[in-house]
Each structure stands twice: as C-alpha cells, then as structure tokens.
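Trainee: Read off the chains here:
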Amino acid sequence: ETGVTQSPTHLIKTRGQQVTLRCSSQSGHNTVSWYQQALGQGPQFIFQYYREEENGRGNFPPRFSGLQFPNYSSELNVNALELDDSALYLCASSLGANTGELFFGEGSRLTVL
Amino acid sequence: QQPVQSPQAVILREGEDAVINCSSSKALYSVHWYRQKHGEAPIFLMILLKGGEQKGHDKISASFNEKKQQSSLYLTASQLSYSGTYFCGTEKKLSGTSYGKLTFGQGTILTVHP
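Line order of the protein sequences matches chains A and B. Quick note: the first sequence uses this note's numbering, first residue -3, plus one each step. Quick note: the second sequence uses this note's numbering, first residue 365, plus one each step.
Note that these hints are calculated values from the structure, not bench results. Glycine included, every Cβ here is placed at the ideal spot set by N, Cα and C. Some hints here could point you the wrong way.
Stated by the list, open to error - What the simulated footprint calls covered on chain A by chain B, stretch by stretch (three residues with Cβ under 8 angstroms from a Cβ of chain B suffice, anywhere in the stretch; the number is not a length):
hint, stretch
1, 40 to 53
2, 101 to 108
Said to hold, decoys possible - Far from chain A, some chain B residues (derived; all Cβ distances over 10 angstroms):
hint, residue
3, 366
4, 375
5, 376
6, 383
7, 387
8, 390
9, 413
10, 421
11, 422
12, 440
13, 444
14, 469
If we strip away everything but chain A, and leave its shape as in the complex, we get (with noise of 0.2 angstroms):
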C-alpha cells in the first residue's frame, strides 16, 4: 500500500479523443511524476510536476499535458488519441528534494481502438 490512488483503474476510448486520468498523492508529497509503462516494458518518463509548476519532461509530444493541485491531486491529459497510447500510466508522488523514493500507484490502463 503506497497511499497514492490513480482513476479510473481501465478505460477505452477511440483514437481522436480526449482522456483525462487522476492521481491523489499521499500528503505532504509535494511531487508527482507520470509515466507511461507499455505491456511488457518499463515505464517511460513523461513529466514531473513540483509545487504545481512542470518541472522537467520526457519525450512526449505537447498533447500529453499535466496539472497538479494544492490538496496533493494530479491530472494527466492526453488529447487526439493515438493507438499507440495505449499503455498503463503510473503516478508517482514523492517528497521532492529530500528523497528520491518513488510511491507508485497502481496505474490506469488505458485502450485505445
């Protein structure tokens, strides 16, 4: 149990869409990292949010887009779905500069068709 909860748990949706997948860090974690984690790989980078400002990304093309919130929630967009989307998008919250332990939450999977 990591105190970091992601929803929804699975969804479909059909290339072109828009999805918007939620993440609620545990408290005081004033750092959340998204990842996108395809079948059978490990989890790519896509950005990090500190105190609500992006603080660094990976190689993900603008339509993935974040927001992080005072009360330790998160929110990871993805507009015009592609197919290769599809993948388990993890959150992870941590403690910023103190430690460098990641709490994963168990991710939402997502299908797009």
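Here the structure of chain A is known, so what remains is to put chain B in place on it, guided by the hints.
Mentor: Showing chain B alone in chain A's frame:
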C-alpha cells in the same frame, strides 16, 4: 537512453540466489531499484546515490559502480514473495537535484518456485 538489464528472465527455486545487472551508457547520479508484481504498483526497493555504495535490506542488496555506470541487485536465499519484475531506474548526472525523473530498464522477470 534506456539502461540495459540482464538477464531478461530468471527462474529460481526457493532458497537460491540471483543477480540482476543494470548498465547505462551515460554518467549516472543515482540508481533506483523497484519490483512490480502483475497488476500492482511498482514498489521501491532501494536507491544508490554514491559510487561504490552498497545498500541492503533483509536479503536483498545492491551495489553501484559509478565508474562503470553499472548497478547490480543481489537476491539471496530467494523466497516465493520475490517473484515479480525488477526494474532499475537511472538518473543522469546533472547539476542540482532532479529526483523522480527516472529512465527505467526493460525489466527482469524473476520467478521463484517452491
């Protein structure tokens, strides 16, 4: 660039030992190790921040050779609960802190049989 893990899969009997390796082509700031069971969240095992550092808890330990940009995870006297996919995650050497921006390897599937 993604770190390379070896082996890709390991099958053990309870009580046997295993080593999982992680190699990077880039200078590293830190190496993290996580275990993920099917359908579950990745769980933090340990982080290694200094070259040569070795850390461990229970019968799982790890080393980090900063010069070779390599880390190894050692599982001794394996238990059924050790089964899962093990990922190393690396952070590049940058000025300042950049915790959480990890580049993960492709994973090593560990199966422990009774």
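Trainee: Does each hint hold? Answer for all of them.
Mentor: Hint by hint, here is what the structure shows:
Residues of the stretch 40 to 53 of chain A lying with their CB closer than 8 angstroms to a CB of chain B number 4, which satisfies the three-residue condition for coverage. Only residues whose C-beta sits within less than 8 angstroms of a C-beta in chain B count toward coverage, and the stretch 101 to 108 of chain A has 3 of them, enough to reach three; the restraint holds. Look at residue 366 of chain B: its CB is around 7 angstroms from the nearest CB on chain A, not clear of 10 angstroms, so calling it non-interface is violated. The claim that residue 375 of chain B is not at the interface with chain A holds, since no C-beta of that chain comes within 10 angstroms of its own (minimum 17 angstroms).
No beta-carbon of chain A is positioned within 10 angstroms of the beta-carbon of residue 376 of chain B; the least distance is around 21 angstroms. In this structure residue 383 of chain B is separated from chain A by more than 10 angstroms, as the shortest Cβ-Cβ distance comes to about 19 angstroms. With a minimum CB-CB distance of about 14 angstroms to chain A, residue 387 of chain B clears the 10 angstroms threshold, and the non-interface call stands. Even its closest Cβ contact with chain A, about 14 angstroms, leaves residue 390 of chain B beyond 10 angstroms, as expected for a residue assigned away from the interface.
At roughly 8 angstroms from the closest C-beta of chain A, the C-beta of residue 413 of chain B falls inside 10 angstroms, breaking its exclusion from the interface. A cut-off of 10 angstroms between C-beta atoms confirms that residue 421 of chain B is not in contact with chain A; the least separation is 13 angstroms. The claim that residue 422 of chain B lies off the interface holds: its Cβ sits roughly 17 angstroms from the closest Cβ of chain A, which is beyond the 10 angstroms cut-off. At the 10 angstroms boundary, the C-beta of residue 440 of chain B stays outside the reach of chain A, the nearest C-beta of that chain being 23 angstroms off.
Annotated as non-interface, residue 444 of chain B keeps its C-beta farther than 10 angstroms from every C-beta of chain A; the closest such distance is 20 angstroms. Not every CB of chain A lies more than 10 angstroms from the CB of residue 469 of chain B, the least distance being 5 angstroms, so the non-interface label is violated.
Hint compliance for this structure: hints 3, 9, 14 are broken, all remaining hints hold.
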